[in-house]
Structures are given as C-alpha cells and as structure tokens.
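Trainee: FYI, my numbering numbers position 23 of the sequence shown as 1045, with every residue one higher than the one before it.
Be careful, since some hints might not be right.
DEER-style ranges, computed between Cβ atoms [to be verified]: (1) Thr1063 - Thr1034: 34 to 40 Å; (2) Lys1062 - Leu1032: 49 to 55 Å; (3) Leu1032 - Thr1063: 54 to 60 Å; (4) Ala1037 - Thr1067: 57 to 63 Å.
Hints in this document: simulated from the structure, not taken from any laboratory.
Glycine residues also receive a C-beta, built at the ideal position from the N, C-alpha and C atoms.
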Amino acid sequence: MPQLDTSTWLVTIIAMILTLFAMIQLKFHKYSYPLSPTPKTFKSTSFPTPWETKWTKIYSPLLLPQQ
1023 MPQLDTSTWL VTIIAMILTL FAMIQLKFHK YSYPLSPTPK TFKSTSFPTP WETKWTKIYS
1083 PLLLPQQ
C-alpha cells in the first residue's frame, strides 16, 4: 500500500488561509462605516395610564404575616 505524501499539505493549508483572509478583507472592504457616529436623541413621551391615579396594592401570599 503506498504511503500518503503529506509534504505539500503545509503549503496547501497556508495558501488556503491566506486566500480566505484576502477574500474576507475584500468582503469587508465593500462596506462603508460612518467615521464619527453620533448618538440619536429620543424624545420620551409618557402617556397617562388609568392605574396611575388609582390606589392599588398587590398582596403576595408570601408577604402576608405567618398565621
């Protein structure tokens, strides 16, 4: 049975990694990113809800005194 010649594997792997790196760099080069991003200001508006004016309290069974 003949032996597998692995002497060219290192060159093949390095060439593959360099090719993938170049392809990824070219892919990212197509995108344009803003040079100085500025945060957007959002105006918060509060709408009146019907339960804001009422007195409500929720009793949890765990908060009741032990009997």
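Trainee: Hint by hint, say whether it matches the structure.
Mentor: These are the hints, each one checked on the structure:
Look at Thr1063 against Thr1034: about 54 Å separates their beta carbons, and that is not inside 34 to 40 Å. Remark: the range hint 49 to 55 Å for Lys1062 to Leu1032 is upheld by a beta-carbon distance near 51 Å. Our hint of 54 to 60 Å for Leu1032 and Thr1063 holds, since their Cβ atoms are close to 55 Å apart. At about 59 Å, the CB distance of Ala1037 to Thr1067 agrees with the hint of 57 to 63 Å.
Hint compliance for this structure: hint 1 alone is broken.
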